[in-house]
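In order, the protein sequence lines correspond to chains A and B. Last residue of the first sequence? That's 315 in our numbering, and every number before it is there in order. Last residue of the second sequence? That's 575 in our numbering, and every number before it is there in order.
The reader is advised that the hints may include incorrect statements.
Said to hold, decoys possible - Computed list of lysine-lysine pairs in BS3-like fashion (alpha-carbon distance at most 25 Å, straight line):
hint	chain 1	residue 1	chain 2	residue 2
1	A	LYS247	A	LYS236
2	B	LYS403	B	LYS518
3	A	LYS236	A	LYS256
4	A	LYS236	B	LYS403
5	B	LYS448	B	LYS467
6	A	LYS236	B	LYS347
Simulated from the structure, these hints should not be mistaken for lab results.
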Amino acid sequence: MSEPNSAELLLVEDNPQDLELALLALREANPATRIHIARDGAEALEFIFCQGPYATRQITDTPKVILLDLKLPKIDGLDVLKRIKGDPRTKMIPIVVLTSSREQRDVVESYQLGVNSYIVKPVNFERFTDAVRNLGLYWQNLNQPPKVTD
Amino acid sequence: MKPSLPLNEEAERFVEGGVDTTIEDRRREAVLKTGALQNAILNSANFSSIATDEKGVIQIFNIGAERMLGYAAAEVLNKITPADISDPQELIERAEALSAELGTLITPGFEALVFKASRGIEDRYELTYIRKDGSRFPAIVSVTALRDERDAIIGYLLIGTDNSARKQAEEALAKAGALQSAIFNSAYFSCIATDEKGVIQLFNVGAERMLGYVASDVVNKITPANLHDPQEVITRASALSVEFGTPIAPGFDALVFKASRGIEDIYELTKVRKDGSRFPAIISVTALRDARDEVIGYLLIGTDNSARKRAEEALHKATVLQDETVRQLNADLEQRVNERTAQLKIANNELEAFSYSVSHDLRTPLRAIDGFSQVVLDKFGPQISDDGRRYLQTIRSGAQKMGELIDDLLTFARLNRQELSRRPFDTGALVRAALEELGFPWPDRKVEVRIGELPASSGDPALLKQVWLNLLSNALKYTRKRELAVVEIGCTTTNDAEAYFVRDNGTGFDMRYADKLFGVFQRFHRAEDYEGTGVGLAIVQRIVHRHGGRIWADSAVDHGSTFYFTLGMETKP
Numbered sequence: 166m167s168e169p170n171s172a173e174l175l176l177v178e179d180n181p182q183d184l185e186l187a188l189l190a191l192r193e194a195n196p197a198t199r200i201h202i203a204r205d206g207a208e209a210l211e212f213i214f215c216q217g218p219y220a221t222r223q224i225t226d227t228p229k230v231i232l233l234d235l236k237l238p239k240i241d242g243l244d245v246l247k248r249i250k251g252d253p254r255t256k257m258i259p260i261v262v263l264t265s266s267r268e269q270r271d272v273v274e275s276y277q278l279g280v281n282s283y284i285v286k287p288v289n290f291e292r293f294t295d296a297v298r299n300l301g302l303y304w305q306n307l308n309q310p311p312k313v314t315d
Numbered sequence: 003m004k005p006s007l008p009l010n011e012e013a014e015r016f017v018e019g020g021v022d023t024t025i026e027d028r029r030r031e032a033v034l035k036t037g038a039l040q041n042a043i044l045n046s047a048n049f050s051s052i053a054t055d056e057k058g059v060i061q062i063f064n065i066g067a068e069r070m071l072g073y074a075a076a077e078v079l080n081k082i083t084p085a086d087i088s089d090p091q092e093l094i095e096r097a098e099a100l101s102a103e104l105g106t107l108i109t110p111g112f113e114a115l116v117f118k119a120s121r122g123i124e125d126r127y128e129l130t131y132i133r134k135d136g137s138r139f140p141a142i143v144s145v146t147a148l149r150d151e152r153d154a155i156i157g158y159l160l161i162g163t164d165n166s167a168r169k170q171a172e173e174a175l176a177k178a179g180a181l182q183s184a185i186f187n188s189a190y191f192s193c194i195a196t197d198e199k200g201v202i203q204l205f206n207v208g209a210e211r212m213l214g215y216v217a218s219d220v221v222n223k224i225t226p227a228n229l230h231d232p233q234e235v236i237t238r239a240s241a242l243s244v245e246f247g248t249p250i251a252p253g254f255d256a257l258v259f260k261a262s263r264g265i266e267d268i269y270e271l272t273k274v275r276k277d278g279s280r281f282p283a284i285i286s287v288t289a290l291r292d293a294r295d296e297v298i299g300y301l302l303i304g305t306d307n308s309a310r311k312r313a314e315e316a317l318h319k320a321t322v323l324q325d326e327t328v329r330q331l332n333a334d335l336e337q338r339v340n341e342r343t344a345q346l347k348i349a350n351n352e353l354e355a356f357s358y359s360v361s362h363d364l365r366t367p368l369r370a371i372d373g374f375s376q377v378v379l380d381k382f383g384p385q386i387s388d389d390g391r392r393y394l395q396t397i398r399s400g401a402q403k404m405g406e407l408i409d410d411l412l413t414f415a416r417l418n419r420q421e422l423s424r425r426p427f428d429t430g431a432l433v434r435a436a437l438e439e440l441g442f443p444w445p446d447r448k449v450e451v452r453i454g455e456l457p458a459s460s461g462d463p464a465l466l467k468q469v470w471l472n473l474l475s476n477a478l479k480y481t482r483k484r485e486l487a488v489v490e491i492g493c494t495t496t497n498d499a500e501a502y503f504v505r506d507n508g509t510g511f512d513m514r515y516a517d518k519l520f521g522v523f524q525r526f527h528r529a530e531d532y533e534g535t536g537v538g539l540a541i542v543q544r545i546v547h548r549h550g551g552r553i554w555a556d557s558a559v560d561h562g563s564t565f566y567f568t569l570g571m572e573t574k575p
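Isolated chain A, as found in the complex (with noise of 0.2 Å):
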């Protein structure tokens, strides 16, 4: 289901059940999204930097939104925030973090990396499609992100 070189919607997400919750909840809103999915820290800055099995992708060819989940194998969501956000090819991408923490210093610190949006999980799946959905629509479809140039 994801398009292996580019992407409107990369989503990075480690847990299968969240992960296919997030799909239907993303496929419903629009089922014609191109959506890549990372499944560690390590995959998504490979995706985003164009590195390893994407080698050959372009690092302009960036997707309009990363849904990032914070608690990732290898590399942690909020290295790889650091990471894309302090790249200046990378840091207008807008990256929404999407995960099951309320601990406040996770919401602190990703607002000093400069997440553009923090949402946090909820249990109810009629909650969970709505949050997911929302930013998806807004992020692919409302938000006007600036040109990135070189």
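Position chain B against the provided structure of chain A, taking the given hints into account.
Chain B in isolation, oriented as in the chain A frame:
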């Protein structure tokens, strides 16, 4: 006593009375003059003149005698002899002594007082006179026999002086002499006297004992400077040179310079014994001066300070030890505090990691349970029976309930870690905000909210809003079945502080279970009657306690409840 001038005048008058200048006249004049002198002597108050007849009966008793002995002349003249006013025991002793001396028996009476004089021997002796009041005093008595032209004894003259003062002085002198000699011969301090150049002239027993020299080793040979630590003498000399602004040689001068200037000088120096061993000494120096105030020598009195020094050192050591002990204890304490703090930090970090993990990981499976139940309902709803759909709904509500429990527990756990940010705030505004957050004025219910006087308080407004939210939502929850719910909010004064309260007319609870009211997961009602996680009041209590306050409740089943809380003394408005 009369001054001499009138006596002289009297004598002159006599002289003027006889103008004739023959030899006889001159002789008479001389006799008169002598008589005047005798008169003066006789009338002196400073010595007693007692004249007797040849048998000893008193014939003259002058003013001095009256004053000294307390008798009036009339009381003694022609009545008693001087033996009657003398110590009888001394008379006996004197009679015995004279009898032995002169080889003839002398009676212990008046004879004993005048015997020598009667034999023409000059006699001056010491005797105790007894006054009229019985008191005694030592007297020096000088006795003369009075003779007529034929040299026959016609009486005696006893002239006495009061010897008390001299006696006392003598005694004092003897005592002082004994004292001085005792001091000088004491073995406990060294007395070293030198001539004005410092050469030792006297070296007492104490000095011998302390320093190990015998007097002959040092007298006329060395100065006290040779008995001291040379380095200390040099140090003292340079210190004194600076103090007095004049060069002082590091020798005997350094030891006596201050004393030579008349300055009292006591100092501590190390003395060196004959065998080379040393001891600390306290030395007191005095300049010895002659009648013209010229310095003729010095006296150096020294005491061995070893014992005191040792005591001081022991004391110092003890003090150092004590300081060290205290320091060690403090260090231990500090270390223990640090260790505890570190342990606490670790525990806190673990707790935080735990909460973090709970926050992340426990919710994820719940979301899967709830989410996939819903997916099943969405995708396969028509193929499932009504029971099956109800079961799936039950699974969902169980998962959601657990989500709430986790959220409440995390809130509760976070209360201990969270810093209080205290500041004054408007309680009334906080309460109104809480009511609005809870959906005031609840158009689908009949709720009467009465807000009384609410004094401003100080504390963490965010946390205290949680308190009001929980108490007010409880009040609303447990009045749900009332036709008209009444919620009363106010402040009352209890014995220690202002207590805020929330009162409702709800179902209330049995006060027998009041102790369980604020425990975590404690519920008083069945879940199907009143929803809840059982954490709300535990959160309220923890916040109140963190503010140093107290919370309690008053209730009766079916008669509503009142919850009171204070914010501690220091938060009193």
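The hints, checked one at a time:
no., hint, verdict
1, A:LYS247 <-> A:LYS236, "holds, 14 Å"
2, B:LYS403 <-> B:LYS518, "holds, 22 Å"
3, A:LYS236 <-> A:LYS256, "holds, 21 Å"
4, A:LYS236 <-> B:LYS403, "holds, 24 Å"
5, B:LYS448 <-> B:LYS467, "holds, 24 Å"
6, A:LYS236 <-> B:LYS347, "holds, 23 Å"
Checked against the numbered hints given earlier, this structure breaks none of them.
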